[in-house]
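S.K.: Sequence:
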Amino acid sequence: MEEHDPSWEFLDDEEKAFKAMTFSMNNNDTNGYREARHHAVNALKKMVEPMTEAEIQALMERTRQMMNESNPDTVDNVEARKQADKDYQVAIAKAAEKLSAAYAKTGIKQTDYSNY
Numbered sequence: 014m015e016e017h018d019p020s021w022e023f024l025d026d027e028e029k030a031f032k033a034m035t036f037s038m039n040n041n042d043t044n045g046y047r048e049a050r051h052h053a054v055n056a057l058k059k060m061v062e063p064m065t066e067a068e069i070q071a072l073m074e075r076t077r078q079m080m081n082e083s084n085p086d087t088v089d090n091v092e093a094r095k096q097a098d099k100d101y102q103v104a105i106a107k108a109a110e111k112l113s114a115a116y117a118k119t120g121i122k123q124t125d126y127s128n129y
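In our numbering, the protein residues as written are 14 to 129.
These are computed hints drawn from the structure, not numbers from a lab. Treat the hints with care, as some may be off.
[Stated by the list, open to error] EDC-like, lysine to aspartate or glutamate: derived pairs with alpha carbons at most 20 angstroms apart:
1) K29 - E16
2) K29 - D42
3) K99 - E110
4) K99 - D86
[Said to hold, decoys possible] Just the calculated beta-carbon pair ranges, DEER-fashion:
5) V61 - A108: 55 to 61 angstroms
6) M80 - Y101: 23 to 29 angstroms
7) E74 - R94: 19 to 25 angstroms
8) M80 - A30: 37 to 43 angstroms
9) Q96 - Y116: 29 to 35 angstroms
10) E16 - V61: 33 to 39 angstroms
11) E62 - L24: 31 to 37 angstroms
12) D100 - G120: 29 to 35 angstroms
13) K59 - E92: 42 to 48 angstroms
14) T65 - L24: 39 to 45 angstroms
15) Q123 - R77: 43 to 49 angstroms
16) S83 - K122: 48 to 54 angstroms
Treat the numbers as computed from the prediction; the structure is a model and nothing was measured. We put the beta carbon where it would ideally sit given N, CA and C, even for glycine.
Take the sequences, apply the hints, and build the full model.
M.R.: Rendered as structure tokens:
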């Protein structure tokens, strides 16, 4: 690159990489930048270790949690709402039963609103 850019020796590494990439794009890769980058990426790909089963499971769990946080209609959220509704119905039934028992102890007759 020194012969193509007189300021090459004064550039830092980041600027050199940018200049080499720009020159490569404009001059049909005559400096070999893209080819060298391609080989470097392939060498790095060979060093990547496959994910373990535990890492895959952890990734799936994180993804599921993120989906639950962002989408109210996921299967987990729908099931949680159904369970909360069941719990609410049970709590209301217990409260009504307790109220009926309290009225029965006092002798006050409750009004029946079921016909309305």
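S.K.: Next, verify each hint and record whether it holds.
M.R.: Here is what the structure says about each hint:
1. With a CA separation close to 13 angstroms, the supplied pair K29 and E16 stays within the 20 angstroms bound.
2. The hinted pair formed by K29 and D42 meets the criterion: a straight-line CA distance of about 15 angstroms does not exceed 20 angstroms.
3. With a C-alpha separation of about 16 angstroms, the suggested pairing of K99 with E110 holds against the 20 angstroms cut-off.
4. In summary, the hint linking K99 to D86 is supported, as the alpha carbons are separated by about 18 angstroms, within the 20 angstroms threshold.
5. Look at V61 against A108: about 59 angstroms separates their beta carbons, and that is inside 55 to 61 angstroms.
6. A hinted range of 23 to 29 angstroms holds for the C-beta pair M80 and Y101, which are about 25 angstroms apart.
7. Checked against the given bound of 19 to 25 angstroms, the beta carbons of E74 and R94, roughly 21 angstroms apart, stay inside it.
8. In this structure, M80 and A30 meet the distance hint of 37 to 43 angstroms, their C-beta atoms being roughly 38 angstroms apart.
9. Separated by about 31 angstroms at the C-beta atoms, Q96 and Y116 satisfy the suggested range of 29 to 35 angstroms.
10. In this structure the hint that E16 and V61 lie 33 to 39 angstroms apart at CB holds, the actual value being about 36 angstroms.
11. With their beta carbons about 35 angstroms apart, E62 and L24 fall inside the hinted range of 31 to 37 angstroms.
12. Range check, D100 to G120: Cβ separation about 32 angstroms, and the 29 to 35 angstroms hint holds.
13. Between K59 and E92 the Cβ separation comes to about 44 angstroms, which falls inside the hinted range of 42 to 48 angstroms.
14. Checked against the hint of 39 to 45 angstroms, the C-beta distance between T65 and L24 comes to roughly 42 angstroms, which is consistent with it.
15. For the hinted restraint 43 to 49 angstroms between Q123 and R77, the CB-CB distance of approximately 47 angstroms keeps it satisfied.
16. Checked against the hint of 48 to 54 angstroms, the pair S83 and K122 passes, with Cβ atoms roughly 52 angstroms apart.
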